[in-house]
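Heads up: the protein sequence lines correspond to chains U and Y, in order. Under the working numbering, think of the first position of the first sequence as 1, with each following residue one higher. Under the working numbering, think of the first position of the second sequence as 1001, with each following residue one higher.
Hints may be right or wrong, so weigh each one.
Derived DEER-like restraints, expressed as beta-carbon distance ranges [as the list claims (entries may be wrong)]:
no., chain 1, residue 1, chain 2, residue 2, range
1, Y, E1254, U, S19, 37 to 47 Å
2, Y, P1013, U, L28, 43 to 53 Å
3, U, P29, Y, T1207, 15 to 25 Å
4, U, S24, Y, D1351, 33 to 43 Å
5, Y, G1083, U, S19, 38 to 48 Å
Here chain U is said to cover these stretches of chain Y; the calculated rule only asks that three of the stretch's residues, wherever they fall, bring their Cβ under 8 Å from a Cβ of chain U [stated by the list, open to error]:
no., segment
6, 1051-1061
7, 1087-1098
Since the hints were made in silico from the structure, they are not lab data. Idealized CB from N, CA, C, for every residue including glycine.
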Amino acid sequence: MATESYPSDLAIIVHRKLSDLKLSPPELPILVKLFEVMFHQPKNGRRINLTMPRRVLGSK
Amino acid sequence: MYLDPNDPDPSPPPRILAHRWKYIKLAVPLPFTVGNLAKLCRGVDPWSSSLAVYADSEGKVSIWGFIDQTVHFNTFVVRESGGGPSEPGLFQAVSQGIADIIVYRAFSMMARLVQNVLVREPNDVLWAGPLARRLSRHIESFRSRAIAKVGRKAYRQFPFWDISLRDEWLDTLCRLLINIQRYRHGGAILLSGQSDDLNIKYRIEYTRLSTALQNLAQLRITNRNTWDLIHEEYIETPRKTMPINLHLDQVIVEHDIEDAQMELTGCIRFISSLSLVDGLILMRPDLTVTGFGTEITCHNKLGKVFLATEAQRYKSTKKEIDPNHFGTRHRSMMRFCQLHPSSIGFVISHDGDIRAVTRENDGVILWDNVKVHRLFEEKTLKPSRNAKRKPKRS
Chain U
1 MATESYPSDL AIIVHRKLSD LKLSPPELPI LVKLFEVMFH QPKNGRRINL
51 TMPRRVLGSK
Chain Y
1001 MYLDPNDPDP SPPPRILAHR WKYIKLAVPL PFTVGNLAKL CRGVDPWSSS
1051 LAVYADSEGK VSIWGFIDQT VHFNTFVVRE SGGGPSEPGL FQAVSQGIAD
1101 IIVYRAFSMM ARLVQNVLVR EPNDVLWAGP LARRLSRHIE SFRSRAIAKV
1151 GRKAYRQFPF WDISLRDEWL DTLCRLLINI QRYRHGGAIL LSGQSDDLNI
1201 KYRIEYTRLS TALQNLAQLR ITNRNTWDLI HEEYIETPRK TMPINLHLDQ
1251 VIVEHDIEDA QMELTGCIRF ISSLSLVDGL ILMRPDLTVT GFGTEITCHN
1301 KLGKVFLATE AQRYKSTKKE IDPNHFGTRH RSMMRFCQLH PSSIGFVISH
1351 DGDIRAVTRE NDGVILWDNV KVHRLFEEKT LKPSRNAKRK PKRS
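When you get a sec, could you build the whole thing from the sequences and use the hints?
Here you go:
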């Protein structure tokens, strides 16, 4: 099975892929912060979502 | 969406579609914190809008506004529409669930972090590798029926129908899986031509999906040929008039296509909802539903089980796993497919993971992270193998 990964690993991959596409990615610490905030789960169990809970995943 | 507030639309297309995104600035930007995100996310449904986020020169990240019209991107990605404007910004990050972040750029997936697992690319298993080869037999009979309806001459008028009809069939399968996934209830589909080792609680004979798909294929071929005739014989020639009936034929068939698409959507919704009853949905390979609430009754001992994350290179990358790491829904499907090698199982877990099960020569294969969304190759943004139509870029 896969090894343990964290939001920082996601940030590294995204940073690398954007660089490969010759785009200008944000600094790595910025990406790490973005994904860590999104990954954060509050104590009350409410899901943090940059956009929205998945109950809406009904279509148009 | 990671988007510069000082230059949110650096290269707009020459023709702006009416449903293209626009940004709405917040009067006062907010720091990108867990607290602010928790509050705002409730009012920002990914099927309607997204947050615009950017870091200043000091590295402070803030939420500076909203992006609207995101529904069109989503309907394209879940294969419910044939096109839609791409999303703005350097990249888009969506929190799909608890500890589940997926990062897109335009119509490509960059990476996904699910709990502690990093997924770099979805598993293209429906379009490549041994499972795709199995499905191609069923697709071939769908194709043959379409040819019988429209005639070989009409079918062969354009070379792309083999691929187009394959994608139509696979789109339908993907939409079924996506719709079941949306319920977050978990479910399973078994494509199998026989009913041994199954206890079918609710037997039905629902052929409408299969016939709707067939009808749609026939209409698309007719429409394309009519369109071609109009262009080749009239529009692109010095002729100034064309028969009105030819125009009417095309208008009527276009409306028929819309109706057929709606019928197909209705069929997909009907079948998907059957997954809410405990037990799997049993379908014949021609996509006729023969039962639901189906229980797998075989209790054979499982042999070797492998997890495959790459469709094409599965032989060198597969890993043997202990099936006990998976729940009863997965294990019973593995047992059934081990006994009935021509069957194909799809299991959708509560948390949304979609896996396929087949039996190959070396044992039972559990195809992980099955790609169901319409995504493009990342490096070039060329359509990937499963992309049927190029989306309208704007």
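Results for each hint:
Look at Y:E1254 against U:S19: about 45 Å separates their beta carbons, and that is inside 37 to 47 Å. Taking 43 to 53 Å as the suggested C-beta distance range, the pair Y:P1013 and U:L28 does not conform, at roughly 31 Å. At roughly 57 Å, the beta-carbon separation of U:P29 and Y:T1207 lies outside the given 15 to 25 Å, and the hint is violated. Under the hint 33 to 43 Å, the C-beta atoms of U:S24 and Y:D1351, about 35 Å apart, fit the expected range.
For the hinted restraint 38 to 48 Å between Y:G1083 and U:S19, the CB-CB distance of approximately 30 Å leaves it violated. Evaluation of the coverage hint for the segment 1051-1061 of chain Y: fulfilled, as 5 residues show C-beta separations to chain U shorter than 8 Å, against a requirement of three. Remark: the segment 1087-1098 of chain Y is confirmed as covered by chain U, as 8 of its residues place a Cβ nearer than 8 Å to a Cβ of that chain, reaching the required three.
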